[in-house]
Structure formats: C-alpha cells, structure tokens
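Peer 1: These protein sequence lines map, in sequence, to chains A and B. Just so we're aligned: the first sequence equals residues 12 to 203 in this note's numbering. Just so we're aligned: the second sequence equals residues 637 to 838 in this note's numbering.
Just so you know, these hints were derived from the structure itself, not from any lab. Hints are supplied without guarantee of correctness; some may be wrong.
Said to hold, decoys possible - Covered stretches of chain B, as calculated for chain A (at least 3 residues, CB under 8 Å):
| hint | segment |
| --- | --- |
| 1 | 711–723 |
| 2 | 747–758 |
Said to hold, decoys possible - Output of the computed footprint for chain B on chain A, the stretches with three or more beta carbons under 8 Å from beta carbons of chain B:
| hint | segment |
| --- | --- |
| 3 | 27–37 |
| 4 | 58–67 |
Cβ coordinates follow ideal geometry from the N, Cα and C atoms, glycine included.
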Amino acid sequence: MYEVFFKKLAEKITLTTEEVDLFKTYLTPKKLRRKQYLLQEGDVCKYSAFVEKGALRSYTIDEKGNEYIIQFALEGWFIGDMYSMLTGEPATQNIDAIEDSELVLISKQAEEEIMKRIPKYEHFMRLLLQNAYIAAQRRFNHMASLSTEERYTKLLNTYPEIVQRVPQHMIASYLGLTPETLSRARKQMSRK
Amino acid sequence: MLFLALSQWSEAAHRRKFALSNSIEMRTKQTIAIIGLGDVGKGLATALAKGTDRVLLFDENAKEAENFTANLLKANPAYDVEFMICAANASWEADIIIPTVAQAELPKITAYIKEYVNQKIVISIGNTCNGYALQELLPNVKVVKTFTNEVSVNQPTKGKMVDCHIEGSETSIVENVVDLIKTIGFNPVVINPTKTEIIELV
Chain A
12 MYEVFFKKLA EKITLTTEEV DLFKTYLTPK KLRRKQYLLQ EGDVCKYSAF VEKGALRSYT
72 IDEKGNEYII QFALEGWFIG DMYSMLTGEP ATQNIDAIED SELVLISKQA EEEIMKRIPK
132 YEHFMRLLLQ NAYIAAQRRF NHMASLSTEE RYTKLLNTYP EIVQRVPQHM IASYLGLTPE
192 TLSRARKQMS RK
Chain B
637 MLFLALSQWS EAAHRRKFAL SNSIEMRTKQ TIAIIGLGDV GKGLATALAK GTDRVLLFDE
697 NAKEAENFTA NLLKANPAYD VEFMICAANA SWEADIIIPT VAQAELPKIT AYIKEYVNQK
757 IVISIGNTCN GYALQELLPN VKVVKTFTNE VSVNQPTKGK MVDCHIEGSE TSIVENVVDL
817 IKTIGFNPVV INPTKTEIIE LV
C-alpha cells in the first residue's frame, strides 16, 4: 500500500523502521477508480496525493468547456492543487483518475506534524518543491519557445510512459494543441 | 425500524452547542462506505439515495447486500450505490466510513479495516457503535459521533425535523458530516466540547 511511496523517500532520505511506522500513522490510503475525481474546482485542496499505482491528471476548464491539462502523474509522482492547498482558497484545478489508481494522501496538517516529528522529511519536501518548480519553469519555456513537433518530441523523450498510457486527446491538450494538429505532427514525424 | 435514541449520551445535554453558520457544500463527490446492513445500515443507505455522494455497501451476508443494493437501484436508478464483497476494499475506496455493526462485532471488523481507514473520517451512529470504543480500536482515524435523542429517519415526526447531534474534534471534519446528516433528513446540531456558547442551528 505504501511501497512506492517509501521507495521514493529512500531515494533522498534514510528513515529508520520506527520512523517509517510513525510516518504511516499520518498517511491516508485511497483507491480511486478511472474517471473519479480526487478534487473538483471550487473545493479547497486538502491533500497532496502520491500515486502508488495508476495515473491521474490535473486540468482547468474554460467557460466553453474546453479542458487544459496542467499535469499528469504516474506511479511515484505527487499531484495536487498546490496554490489552493497553501492558501486555503478554492481550487481552480480539477484532478481525476485516468486509470484505476491507488494513492497515498497527505493532508496539510499531517505534513506539518510529520515535519515536526521527522525533520528529515522537510529536506525531502524542499527537494521535491525545487524539482516541481524547475519542471513548471521548463514546461512554461517549452510552451513559449518550441514548435509543435519539438514539444511532442520532448515529451516523448522525457516521459515515454505518459505518451504510451495516456489517450492522445489528453496529450494534445497538455501540449496546447488540438487533437488534429497533434495527429498531423505525429504523421509528419513518422515520415521523416 | 431505525431507532437511534441514546441514553448514554445524556451527558451531552450539559455540553454546549454551537452552530456552523453555513457549511460549505462539497463539489467533489465523496465516497461513503456503510459496513453492516442491519436496520441502521439499511436505513442509512436508503436515506443517502437523496444525496449526491457515492455509497458502498458491505455486509457479511454478500447475497443479502447484493439484493438490497439491486432494490435500491430499482427504486432509484440514478443512485451511485454499489455493493462490495470486501469491507477492506470498501474502506480503501471510501472517504467516510460508517460501521453499523453490533458492539460485539466491532473489534473484529475494525481489525480487518484498520489499515485502510487510517486518517479517514469514521462516523459512529447512536448506540449501534460506541464512539469512544471506536476511537480506541482505531486510534488514527477521525471519529465523529452522531446521535439523536428521538426517533428515526423512517418514522413520521409531524413535519418537524429531528435533531441529530454531531461531536468531533476538528471543525472541518464535522462540517463534512453536517452535510451528510442533512442529506439523510436530520437537523444537524454540532456539539463542541471546547466551546461554552450555545447557538442553535437555524
């Protein structure tokens, strides 16, 4: 239930068996079926979610009902509306499951408690947020400066599993393209 | 007939009540697991058809649970309800767990679901399930105690809504349960042991 989660932690920090046991008392295990929501726009985001198994996405919806995918999360990734969680304001994002998923939820309150009792976790969180910031910046730069083909190639090379597992229309939305544009770009690339 | 009266909670009358001004309606659909389909469990499952939450039903008698769920769906095809053959799986999927088993069954069932309910909201209802015992058996959950001094959701109350008392240690958790209590047709009255002011819910 928490295997991938503690493996992820072990990449950055070393916890004793006692610390792992203590840690577990603060975690919320949650199963989500495909298409079920973890968070809907308008609710305050109370948890950050770690994906043990499955795949999730976060997205916004405009007035016309168009979806804009912000992030995907596969096994070993965290997902949540950080802005809502940190400010306590209603979320602007929706988060739902693309596949049947198993999650580890950590509430803001639990996170504070863990950091107090296991200070090493603060170091892990700092690295995590640092990486999230870099990824967000990189994504912003790619959207602003790369061509359609380049954006797709970057995604394919960096996260081949996402391209394999996620439906094409979602990939298009993530890259800021219509499904037709993405399909054309893929055809052109396969001819090269 | 559901009978949720509780004499053991009479000490609660001394406690002060306070109102939640306006509980905020959640948009994200919550999943509620009802563990045990006796009279109380069945009554709850029937009443929750009026709401928008997803409801998972478990009973040791799987056949009975399946038939009961089929009847609920026949009466209300839009009801997002499902019977589960495993209490642990139902608890794993749920955000809120309501054990409605007899007191004697509580240690066995809580031992079985313990791992899957960690940090979740667990509601004790009336004297089918003692809130304090539940908290002892499940130390890492957020127990919210609910009880009413009167009768049931199935009994006519001459147009007057019956109060249901709600007691929990965290306001945000209690707010969640307030909506649930409204859905099943009771008037939620929140009891906060730390407050001294009484304000009745309007």
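Peer 1: Take the hints in turn and mark each one as holding or not.
Peer 2: Quick rundown of the hints versus the structure:
1. 711–723: violated (count 0)
2. 747–758: It holds: at least three residues are needed, and the segment 747–758 of chain B offers 5 whose Cβ sits within less than 8 Å of chain A.
3. 27–37: holds (count 3)
4. 58–67: violated (count 0)
Hints 1, 4, counting from the list given before, are not met by this structure.
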